[in-house]
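> Chains as they are written, first to last, in our numbering: chain F, 464 to 839; chain P, 464 to 839; chain X, 464 to 839; chain Y, 464 to 839.
Hints were generated in silico from the structure; no laboratory data involved.
This one's a predicted model, so the numbers in the text were calculated from it and none came from an experiment.
There could be a bad hint or two in this list.
All copies of an identical chain are treated as equivalent in the list; a pair is satisfied when it fits inside any one copy or across any two copies.
[As the list claims (entries may be wrong)] Within a straight-line C-alpha distance of at most 27 Å, the following computed DSS-like cross-link-like pairs (lysine-lysine) qualify:
id	residue 1	residue 2
1	Lys763	Lys731
2	Lys839	Lys597
3	Lys763	Lys736
4	Lys585	Lys479
5	Lys489	Lys471
6	Lys833	Lys508
7	Lys691	Lys756
Number of protein chains: 4
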Amino acid sequence: MNENNDLKVISLSELKKFLVHGRTTKNVNPLTLFWTGSSLELNVKGSELWIEIESDYDTYEPWISIMINGVQVSRQMLVKGRYWIPIFRNMDHQAVKNVKVIKEVQAMPSDESHCLQIYGIKLHGECLPVEERKIKLEFIGDSITSGEGIIGAIQEMDWISMWFGTKNHYAFLTADNLNADCRVISQSGWGTLSSWDNNPHGNIPFYYNEICGVLTGRKNQMLGAFEKNDFSTWQPDAIIVNLGTNDEGAFHQPAWKDDETGESFEQKMIDEKTYDVLDLKRFEDSVEAFIEKIRKNNPKAKIIWSYGMLGNVLLPNIGRAICNYKAKTRDKEVFVFALSNMTEETMGARNHPGALAHQKAAHELTIFLKQLLELK
Amino acid sequence: MNENNDLKVISLSELKKFLVHGRTTKNVNPLTLFWTGSSLELNVKGSELWIEIESDYDTYEPWISIMINGVQVSRQMLVKGRYWIPIFRNMDHQAVKNVKVIKEVQAMPSDESHCLQIYGIKLHGECLPVEERKIKLEFIGDSITSGEGIIGAIQEMDWISMWFGTKNHYAFLTADNLNADCRVISQSGWGTLSSWDNNPHGNIPFYYNEICGVLTGRKNQMLGAFEKNDFSTWQPDAIIVNLGTNDEGAFHQPAWKDDETGESFEQKMIDEKTYDVLDLKRFEDSVEAFIEKIRKNNPKAKIIWSYGMLGNVLLPNIGRAICNYKAKTRDKEVFVFALSNMTEETMGARNHPGALAHQKAAHELTIFLKQLLELK
Amino acid sequence: MNENNDLKVISLSELKKFLVHGRTTKNVNPLTLFWTGSSLELNVKGSELWIEIESDYDTYEPWISIMINGVQVSRQMLVKGRYWIPIFRNMDHQAVKNVKVIKEVQAMPSDESHCLQIYGIKLHGECLPVEERKIKLEFIGDSITSGEGIIGAIQEMDWISMWFGTKNHYAFLTADNLNADCRVISQSGWGTLSSWDNNPHGNIPFYYNEICGVLTGRKNQMLGAFEKNDFSTWQPDAIIVNLGTNDEGAFHQPAWKDDETGESFEQKMIDEKTYDVLDLKRFEDSVEAFIEKIRKNNPKAKIIWSYGMLGNVLLPNIGRAICNYKAKTRDKEVFVFALSNMTEETMGARNHPGALAHQKAAHELTIFLKQLLELK
Amino acid sequence: MNENNDLKVISLSELKKFLVHGRTTKNVNPLTLFWTGSSLELNVKGSELWIEIESDYDTYEPWISIMINGVQVSRQMLVKGRYWIPIFRNMDHQAVKNVKVIKEVQAMPSDESHCLQIYGIKLHGECLPVEERKIKLEFIGDSITSGEGIIGAIQEMDWISMWFGTKNHYAFLTADNLNADCRVISQSGWGTLSSWDNNPHGNIPFYYNEICGVLTGRKNQMLGAFEKNDFSTWQPDAIIVNLGTNDEGAFHQPAWKDDETGESFEQKMIDEKTYDVLDLKRFEDSVEAFIEKIRKNNPKAKIIWSYGMLGNVLLPNIGRAICNYKAKTRDKEVFVFALSNMTEETMGARNHPGALAHQKAAHELTIFLKQLLELK
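Chain F extracted, bound-state conformation:
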């Protein structure tokens, strides 16, 4: 692109004036973005901006989107390598632009090479500080919260990076509505107790205390993904858990078996309409245990179990788990919230909630959280 001789190159470690969203390590040389919606935020007073990224993958390539003053202006697949990406050119030198570079894709355990990093920027102008917002929200979930199918035609069925996105995503819309910072912890197909196919290792609670423990491989280890998360540095006001959809799905799948260890696991139906009572209890216990784990790390957060969008069969069980937890602990700050089901009209790609379903959920959650957090 045009040589602009006034451009200064600055590494993130020199820059300091920026804000990182999403759980990651303290290392910014380079900065690694792990989770869906993790991002680098800048306030740039100047006329031109570029950003230096490094992208890698074997199967699932990273995608980013770029927001200028809250509007998504670009979204692109990132080819392999380390290179500069233009953000804006020829803008009013005096005006301050808020810029976000956002990871569109979830953490990818099945592709150890998948990686997105940011080294620095070059710009004509200067960066101003970015303040943390007063409200902080953490969303924990599965494919719904990974934004799977939020983009793409209704007939798309490939499980590829392209159909993941953060625009019109219920978590980020809710955060925008409340002027909040937002983190997402999510994995497609996972649950509270097991994944959709009865794999008991596909559960978020087990990895909740690590920075990005759902990942695999030596590279991610070296990047610090498996280190303990430092909860003290980011205490959310509310934690919204959207799990249960895959736990319910597991009841309708065959048992999972680990051929090496012989280990197996199964949530069972007694007949077409009857869930095994002990298996339901096992799920309820996992809900109760996860709330305890979340509470231990986040003593002041409101905890909302927010379930729905793709069915609500386990809502009574989640209710029972929360009743039991509250009766036992006298913890007053745990709530259940039911999200409206996706309909044919609001479906996106891969039979998942589309933009309209996410907007509806965000609308519902915004009203609920405003009251709960006594905002405005």
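We have chain F; now place chains P, X and Y onto it with these hints.
Chains P, X and Y only, in chain F's frame:
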């Protein structure tokens, strides 16, 4: 009004070709409409129609609305007395019009004189048969289901008949959407265990087996309100229970005391945010017991506990009650469904859900019931 | 209805504290409501209100609606005779209620007996003054502006009073949006030059200067309908003319003939798609002449020719007429405004705009008039 | 990016199975995309696709968007140079994907270097033929039709490529709704008679007969931009002209002067509200002349002058011009259509119509064109 010499007067007992909606006795000479949304339905091939009603009250006057081909064309307060009301004039003599005359107001226990009856019709033309619809829905609830505040400016606070209505009412919208017949059993302020002010007699379950047992007085007794309801004649496909709102409200009210008997009752808070565990249990038991009672009388109905619109604090407890009931009985056809809360934008009169809130609830329930009843 | 011994009867001539909407005479003993949406407005501080009306007709009966604090609570067919109608009961005695009793039906030239009059009120409480609103709007039109088909199922085709209404009516919605008083001058089927069937007497301009000159018969004459309107007492800020739809329709109808006088009239097509140029010119001249007539009586009003909703073929011709008028007179305050066409989704009864089409038109006009009148 | 050894490289001249949208030359080695929304369309049966482009500019860089099966999955600024851009990877090899690579930015007369070209593709799989759609639409306009401000925050004021876009654009939405192919001829700031600042050379009609005559410079000449457009190869069913907004704006600007030639031009106001009659006439003549020119090249197209969105003051004058044209020529297939004005709620960047305003205009035009073209 104009004398039309071709008009024939026909009593309901002669007419036979009509359909009555809402629980009532077998007596049609005259027909008594007790509950919110109870109605007389006709298919009239002819050019002119009048209806003879009798209205009485001490305090809370009856209101009716008139629907022609599914559209509300009239709504009026009924002065005392027995008289003829014009329904339509000068219409195409050959076209068949579907007509409904609907009670807009709930059964009124606090006004023993409140009464609406229909004697017969006069018309130019003839009545054709009215078929029952294939799907039948029963809604059980409180002021929300009585349509309180569904009409009226947002500042209206008088508790009077005028602010009750059935247009844009979630139960009747849902029934329309599913092409279903619909009955409503509801009382403002009442709950599953007690009324909003801790009165343990203000509970719907106690009166569920009678035609309109919530009423009082010798006149209503003579009209048959307290007779056992004949469940065999009308078996609904789904029963939607929208109770819990006043049970929750009772926790925030002083104890109820009966000065005569010395009897008292109270649901208690331990502190500002903590509900007494035993009182919660008492509520949960009442939910379980009511489901048992409903099931006994309606062996084939799907039972949906549908809660929300004015808060959802007791959702986990309703969930727990249903889990317990299902584990005990192996009854597979009981469900919980959360309705979206009313917002400032969707509020009607008397701080109750307005038309927009009812429309939203109807939209949500329609989607849910369509799947559950495997319609279309 | 219940005897309330505290009710005082007051004739309108004694009362004085009320506001009359719609062109009528100065006589209030009784008050005659002629036009669509003509109404009596009261501010009542008290607990109970009745109104004494007289209704007459041969074919087309009057209907009224009742608004309390801006919400339509009742709508009813008026049987013949002079009698009392209850408006409200048992309301908070101290609260002031704004009440409107509105004529739902247009002036009816084809039924000389059609008549709606108001004699007085009885109430428990007192009336407070009603202020005129700062903005005044006059709407001139045809069936669209008469609210024909705004209520009723889509299959209704009878031309009867029941399918006329003022709720969701674009003129009254626009007035509400701008907090304006509003008058309507309208006749179904009429145009600027001729009616839909080429009758040259079916034109609004000819009768514009009389109170309700479109009516016929000795009774209406005695009521003052044919007297000159006193424009000095009510000068609107904007006059919205929605005519042209029937002028266009006339091109597709056979010539009109008066069998008695031999007079005939016709707007012609040259072929299926070509309008006769001289006939178009005749229409354009009538538009120009009507604007001149309106301007003469309303020197300060913005005049907006607002056309559409049921086709917009003559829009260029209306444009040309206005260009010619403005070039000739240097009148700067004349405008053309195109309303969106009704669609299948927004159609009401009798193939006319339904509530949704009226709401859309009101939305468009509100935005336009706000800018034009420099409101807020 | 990953080396996929199965990828075949194919130049456009070898490929043949593709469709080009937007006026351009016959040369596809490489293909030059000149206008807003010009695009290359492919049907790809295969698992991976890349596209080789060349981008150049001095000031205003090109942007593209990528559509897969009708959904925009990517949008990006194009740095200078010739290089490969990934379109999709790892998709179902058997499924056919419809792909469009679209120029997001208008033709740029003020940047002679601005250029976007496509050389070829590489893919794993094969291309299938792309059929022309049965309906063809041509949109002619100014900044509105260039999609200026359709993307970007409301505060954005820089005139840069980033704020131009084709998503949610009224022309392309309308084409989608009608399943039509679509071409856009547009220039920000230009009009029928002059540009917004009274420059008489800023008029679309003068360049209408050339492929992209609005451009400048030797490079564009060599690319064939100034050659006569071959109208015989693409005859639209309807031509929608959205001009007049800048012609109206010119009345409020000082005269334009060419310092070299001494030439000057001005459309004048007589006073704050009065447009000079002769200047209005000059505008009307230019409208009439442009319709004649369009008709000459498109003998069978419906011609719709579609005006509004940013004010409608000249609507009567456009109406008069069309009346005059039709009276003179007996051409029956010329129409005027008024688009709804943008409101505060529907505004985008740079005070231009945003996505909501474009969607509204598309909805209105779709209904109108469906009737006019007798579709479905």
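> Next step is simple, just say for each hint if it's right about the structure.
Checked hints:
1. Taking identical chains as interchangeable, the C-alpha atoms of Lys763 and Lys731 lie at most 27 Å apart only when they sit on different chains, with a minimum of 25 Å there against 37 Å within one chain.
2. Taking the closest pair of Cα atoms, Lys839 and Lys597 come within 27 Å of each other only inside a single copy of the chain (13 Å); across copies the shortest separation is 34 Å, beyond that limit.
3. For the homomeric pair Lys763 and Lys736, the shortest alpha-carbon distance between copies (15 Å) is at most 27 Å, but the shortest distance inside one copy (40 Å) is not.
4. With identical chains, the CA atoms of Lys585 and Lys479 are at most 27 Å apart within one copy only, with a shortest distance of 14 Å there and 42 Å across copies.
5. Taking CA atoms no more than 27 Å apart as the test, Lys489 paired with Lys471 passes inside one copy only; the shortest distance there is 24 Å, against 44 Å between copies.
6. For the identical chains of this complex, Lys833 and Lys508 are neighbours neither inside a copy (33 Å) nor across copies (38 Å), given an alpha-carbon limit of 27 Å.
7. Taking CA atoms no more than 27 Å apart as the test, Lys691 paired with Lys756 passes inside one copy only; the shortest distance there is 14 Å, against 53 Å between copies.
Comparing the model with each numbered hint stated earlier shows that hint 6 is the single one that does not hold.
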